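Chain by chain, the residues run as shown.
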Amino acid sequence: MLNRKEAPPIIDTVNLNLQLKHAEKFTLDNGVDVYAVNAGAQEVIMIELVFFAGNSYEEKNIVAATTNFMLKNGTKNKTAFAINEHFELYGSYLNRNCYNETATLTLHTLTKHLHNVLPTMEELLMESIFPEDELAIYKQNQKQRLAVNLKKCDFIANRLIDEYLYGIQHPYGKYTSTIDYDKIEREELITFYEKFYKKGNCILFVAGKLPTNIQQQLNNVFGKLPFNKKQINQPTHHAQPSIEKKYNIINDANGVQGSIRIARSFPNRHHEDFMKAQVLNNIFGGFFGSRLMANIREDKGYTYGIHSYLQNHIQQSAWMISTEAGRDVCKPTINEVYKEMKLLQTKLIDAEELDLVRNYMIGGLLGDLDGPFQIIARWKTYVLNNLTEAYFYNSVNTIKTVTAEELQELAKKYFNEDDFYELTVV
Amino acid sequence: MIEYNRFILENGLRVLVHEDNSTPMAVVNIMYNVGARDEMPDKTGFAHLFEHLMFGGSINIPEYDEPLQRAGGDNNAYTTNDITNYYCTLPAENIETAFWLESDRMLSLAFSEKSLDVQRKVVCEEFKEHYINKPYGDVWHKMRALAYKVHPYKWMTIGKELSHIENATIEEVKAFFAKHYCPANAILVVAGKVKTEDIKNLAEKWFGVIPSGIKYNRNIPKEPQQTEARFLEVKANVPLDAIIKTWHIDARLQKGYYVADIITEILGGGGSSRLFQSLVKEQKIFSNLDCYHFGTIEEGLLTIEGKLVKGIKMEDAEKAINNELQKFIDEPATETELTKAKNKTESVIAFEDMSVMSRAGSLALYELLGDANLINTELSKYNSITVEDVKEYSKKIFNTTNSNTIHYYSNN
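Top line first, the protein sequences correspond to chains A and B.
The first sequence begins at 424 in the working numbering and counts up one residue at a time.
The second sequence begins at 23 in the working numbering and counts up one residue at a time.
To be clear, the hints were calculated from the coordinates, so they are not data collected in a lab.
Bear in mind that the values here come from a model prediction, so they are computed numbers and not experimental data.
Treat the hints with caution; some may be incorrect.
[As the list claims (entries may be wrong)] Simulated crosslink set (DSBU-like; lysine-lysine; CA at most 30 Å straight-line): (1) Lys244(B) to Lys574(A); (2) Lys176(B) to Lys217(B); (3) Lys652(A) to Lys483(A); (4) Lys303(B) to Lys156(B); (5) Lys65(B) to Lys217(B); (6) Lys444(A) to Lys803(A); (7) Lys803(A) to Lys765(A); (8) Lys495(A) to Lys652(A); (9) Lys349(B) to Lys495(A); (10) Lys341(B) to Lys257(B); (11) Lys65(B) to Lys171(B); (12) Lys632(A) to Lys303(B); (13) Lys215(B) to Lys171(B); (14) Lys575(A) to Lys606(A); (15) Lys332(B) to Lys483(A); (16) Lys303(B) to Lys574(A); (17) Lys562(A) to Lys303(B); (18) Lys723(A) to Lys765(A); (19) Lys574(A) to Lys349(B); (20) Lys171(B) to Lys566(A); (21) Lys483(A) to Lys668(A); (22) Lys803(A) to Lys621(A); (23) Lys495(A) to Lys364(B); (24) Lys606(A) to Lys306(B); (25) Lys335(B) to Lys574(A); (26) Lys483(A) to Lys306(B); (27) Lys575(A) to Lys217(B); (28) Lys575(A) to Lys303(B); (29) Lys201(B) to Lys237(B); (30) Lys835(A) to Lys770(A); (31) Lys171(B) to Lys244(B); (32) Lys606(A) to Lys364(B); (33) Lys171(B) to Lys444(A); (34) Lys428(A) to Lys196(B); (35) Lys217(B) to Lys444(A); (36) Lys156(B) to Lys277(B); (37) Lys332(B) to Lys428(A); (38) Lys215(B) to Lys566(A); (39) Lys499(A) to Lys303(B).
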């Protein structure tokens with residue numbers, strides 16, 4: 424007779440030997456480094472060009488993001504329509520994204536169409552003209568989008584908490600206003616493009632089912648471009664955190680929920696506490712079974728979800744707790760967050776809970792390493808953060824070996840209510 | 023070609039196994055043949071609320087998540103108007119944990135009052151977060167009610183109103199479980215680093231003894247053919263005027279569905295699509311514009327929606343959309359436009375199939391639709407569509423008597 428009360432035996436995932444698939448590294452004729460992961464069964468490929476052209480490099484707000492966005496909006500010989508039609512005709516996706524340090528141009532395509540679309544990527548990087556009318560449409564539509572977003576309490580909360588942590592002048596803390604869009608000039612985009620794209624510093628990441636001549640194909644298209652001729656140094660920015668710690672904002676008098684953000688500054692990945700903090704974060708609010716979820720959602724029903732995480736920044740990070748809670752239970756929610764912090768400081772995490780989180784995290788890593796795009800994403804993080812694959816194996820080791828005492832010490836060091844910014848936006 | 027093996031347990035549970043040794047993981051996916059369309063009009067949102075309760079402990083296992091997490095696994099679930107789907111991924115070595123957990127909650131839930139009480143609140147917060155506390159958050163509540171007069175697609179999965187969720191009782195939860203959550207109404211798909219023989223044994227061991235239950239025969243009133251254009255005006259605290267328009271299209275397995283899918287690609291599928299190029303870029307009438315459909319199993323809606331550029335009048339925006347649609351009928355899609363839509367479809371399928379979890383979910387849905395092998399024949403259906411098909415079907419659906427329109431005004 425089957426005993427349903429008893430769990431089937433399991434293998435502790437901490438005993439699994441996790442391997443990060445190696446990324447092949449090669450260099451194009453112009454000195455651009457390429458990291459390549461050849462994996463997967465589907466005939467698909469991703470090519471990402473990472474430029475050091477994020478908003479840290481701009482002198483005026485949103486120049487970096489606008490330049491990046493408008494890479495697809497016109498070249499000497501192609502209109503925005505023609506560019507879009509070209510990629511779409513081959514079922515390919517060309518996306519661009521602007522971050523704090525970097526800005527990217529990313530292609531996803533069926534491998535069989537790669538040779539058709541690669542040359543057009545080159546065209547965008549060398550011959551973009553940033554047409555005035557395209558810029559006007561972009562400004563108008565972005566301003567409209569912003570007007571809608573400013574009605575959302577979560578959008579407001581995300582902007583403000585970063586401002587408190589880093590200051591409005593810092594790349595991690597600044598945000599966009601309607602006036603910023605009005606002030607953008609075409610000439611500024613062209614200057615930024617010339618400096619940070621055409622003659623910029625670039626790294627390539629490719630993954631998927633790679634054709635055997637991938638190195639040659641990339642070299643033919645990108646290897647002759649004037650990238651990496653001179654090292655571009657990142658300007659230094661100093662955070663100017665806000666003095667005041669607690670904020671209550673009413674954005675919509677009729678709002679039925681409040682967006683709560685509780686955050687403190689935290690060092691970057693190179694700090695010795697970072698990996699251990701990831702484990703503590705998981706226990707605290709990093710997954711569905713975390714203490715914050717168990718208490719505030721699954722026991723009290725104050726929210727649909729509550730999460731904590733370490734911000735994914737290169738220079739410095741922050742430890743963030745984020746939730747949308749019923750308007751009348753915002754205060755009790757915040758109290759419970761601090762209560763959970765206190766508990767981690769005062770009471771040792773028991774072995775059962777710690778084992779569960781270890782197994783969950785290793786299982787999650789195993790799943791995360793499944794597929795070429797996931798593997799290259801990990802490599803990209805390491806390369807951009809100036810880390811090596813040793814970081815991966817150290818992380819795994821930390822998950823397996825960190826002790827309850829070490830986690831308690833960490834909680835004592837970082838979970839002090841007075842160090843946290845606290846914001847509620849209704 | 024996605025290979026799979028299929029067998030049926032004596033109690034009627036359908037099992038599909040998709041072996042893929044390139045991953046170290048296994049996926050266990052259970053799809054129940056019940057969605058928001060199976061709810062009563064005065065108790066909407068129930069299928070989704072019930073999905074939450076499936077995590078509140080089962081008859082022999084007090085906690086669903088904990089043992090799964092301990093086995094290195096993770097899980098989630100979703101409810102649509104058509105179906106409810108539960109899936110977990112875990113290291114393949116620990117797959118039996120998923121069988122143990124999933125079979126126990128198919129056998130019986132714990133039906134805890136505490137869990138119901140908490141999840142009512144959680145779902146109410148979910149409702150508020152997505153549909154009340156967001157600009158334009160109510161637009162689909164209103165559009166569904168406008169476009170469907172009879173069919174239960176007239177309410178959203180989250181429910182028609184908060185009170186329906188707040189009033190749910192434990193007796194209703196028990197009755198819903200008995201009616202829908204049984205082997206006769208479920209499909210189990212196991213995928214990843216597994217062997218069919220092992221899965222047969224595990225399925226037999228854990229699910230084989232669960233009573234079959236009564237096969238649910240859906241008896242949903244058909245939506246009568248719409249015979250005149252419907253309009254609704256809304257004024258709300260939003261910054262921009264918006265238009266949302268829908269037209270009834272064919273059910274999931276009918277040819278018209280595939281043609282409609284291609285039409286949404288041509289009209290709104292990207293930066294070179296017709297509506298975007300004409301109405302956003304050239305005429306500058308909308309600041310954003312989307313054309314899509316929800317992929318429902320029964321007769322669905324093709325949608326065009328957009329926000330108006332400040333200063334543009336609603337009538338002019340309405341006219342501009344209608345002109346484009348008339349043009350689409352008069353000067354039908356070109357071969358290039360059609361090729362573009364087909365290539366994109368091929369590409370979407372290839373990217374989706376990269377994930378073993380996505381393959382498992384698709385197999386379950388196609389099995390539910392009547393034939394799991396549809397997963398391998400879908401692309402050829404799209405590829406057989408001609409310019410003529412697109413022209414004819416556009417003419418048929420883009421008929422004013424088949425249209426529903428909301429003019430959503432900003433009162434700021």
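Outcome of the hint check:
Using a Cα cut-off of 30 Å, the hinted pair Lys244(B) and Lys574(A) is violated, with the two alpha carbons roughly 39 Å apart. With a C-alpha separation of about 43 Å, the suggested pairing of Lys176(B) with Lys217(B) is violated against the 30 Å cut-off. For the suggested pair Lys652(A) and Lys483(A), the alpha carbons sit about 25 Å apart, so the restraint of at most 30 Å is met. Of the pairs offered as hints, the one joining Lys303(B) and Lys156(B) holds, with about 27 Å between alpha carbons and a cut-off of 30 Å not exceeded.
Proximity of Lys65(B) to Lys217(B) is assessed by CA-CA distance (about 42 Å); at most 30 Å being required, the pair is judged violated. The hinted pair formed by Lys444(A) and Lys803(A) meets the criterion: a straight-line CA distance of about 13 Å does not exceed 30 Å. Restraint check for Lys803(A) and Lys765(A): not satisfied, since their Cα atoms lie roughly 36 Å apart, outside the 30 Å limit. Taking the CA atoms of Lys495(A) and Lys652(A), the gap is near 24 Å; set against the 30 Å cutoff, the hint holds.
This hinted pair checks out: Lys349(B) and Lys495(A) have alpha carbons roughly 27 Å apart, not beyond 30 Å. Proposed proximity of Lys341(B) and Lys257(B) is supported: the alpha carbons are some 20 Å apart, at most 30 Å. Straight-line distance between C-alpha atoms of Lys65(B) and Lys171(B) comes to about 17 Å, which keeps the hinted pair within the 30 Å bound. Restraint check for Lys632(A) and Lys303(B): the C-alpha separation of about 36 Å exceeds 30 Å, so the hint is violated.
Straight-line distance between C-alpha atoms of Lys215(B) and Lys171(B) comes to about 47 Å, which puts the hinted pair past the 30 Å bound. Straight-line distance between C-alpha atoms of Lys575(A) and Lys606(A) comes to about 25 Å, which keeps the hinted pair within the 30 Å bound. For the given pair, Lys332(B) sits about 27 Å from Lys483(A) by alpha-carbon distance, which is consistent with the 30 Å threshold. Of the supplied pair hints, the one linking Lys303(B) and Lys574(A) holds, its CA atoms being roughly 26 Å apart against a limit of 30 Å.
Restraint check for Lys562(A) and Lys303(B): the C-alpha separation of about 12 Å stays at or below 30 Å, so the hint holds. With a C-alpha separation of about 19 Å, the suggested pair Lys723(A) and Lys765(A) falls inside the 30 Å cut-off, and the hint holds. Restraint check for Lys574(A) and Lys349(B): the C-alpha separation of about 36 Å exceeds 30 Å, so the hint is violated. Using a Cα cut-off of 30 Å, the hinted pair Lys171(B) and Lys566(A) is violated, with the two alpha carbons roughly 38 Å apart.
For the hint linking Lys483(A) to Lys668(A), the alpha-carbon distance of about 28 Å falls within 30 Å, and the restraint holds. Of the supplied pair hints, the one linking Lys803(A) and Lys621(A) holds, its CA atoms being roughly 22 Å apart against a limit of 30 Å. For the suggested pair Lys495(A) and Lys364(B), the alpha carbons sit about 23 Å apart, so the restraint of at most 30 Å is met. Distance hint between Lys606(A) and Lys306(B) is fulfilled; the C-alpha atoms sit about 21 Å from each other, no more than 30 Å.
Straight-line distance between C-alpha atoms of Lys335(B) and Lys574(A) comes to about 22 Å, which keeps the hinted pair within the 30 Å bound. With a C-alpha separation of about 27 Å, the suggested pairing of Lys483(A) with Lys306(B) holds against the 30 Å cut-off. Between Lys575(A) and Lys217(B), the direct Cα distance comes to roughly 49 Å. Violation of the 30 Å bound is thereby established for this hinted pair. Taken as a hint, the Lys575(A) and Lys303(B) pair is honoured in the structure, with Cα atoms around 27 Å apart against an allowance of 30 Å.
This hinted pair checks out: Lys201(B) and Lys237(B) have alpha carbons roughly 8 Å apart, not beyond 30 Å. For a cut-off of 30 Å, the pair hint linking Lys835(A) to Lys770(A) stands: about 11 Å separates their Cα positions. Taking the CA atoms of Lys171(B) and Lys244(B), the gap is about 10 Å. The hint holds against a cut of 30 Å. Pair hint Lys606(A) plus Lys364(B) does not hold up; C-alpha atoms about 41 Å apart against a cutoff of 30 Å.
With a CA separation close to 55 Å, the supplied pair Lys171(B) and Lys444(A) exceeds the 30 Å bound. Our distance criterion of 30 Å between C-alpha atoms is met by Lys428(A) and Lys196(B), whose separation comes to about 21 Å. For the hint pairing Lys217(B) with Lys444(A), the CA-to-CA distance comes to about 25 Å; that is within 30 Å, so the pair holds. Between Lys156(B) and Lys277(B) the CA atoms are separated by roughly 36 Å; this puts the pair beyond 30 Å, and the hint is violated.
Of the pairs offered as hints, the one joining Lys332(B) and Lys428(A) is violated, with about 63 Å between alpha carbons and a cut-off of 30 Å exceeded. Distance check on the hinted pair: Lys215(B) and Lys566(A) sit about 49 Å apart at the alpha-carbon level, beyond 30 Å; violated. Restraint check for Lys499(A) and Lys303(B): the C-alpha separation of about 19 Å stays at or below 30 Å, so the hint holds.
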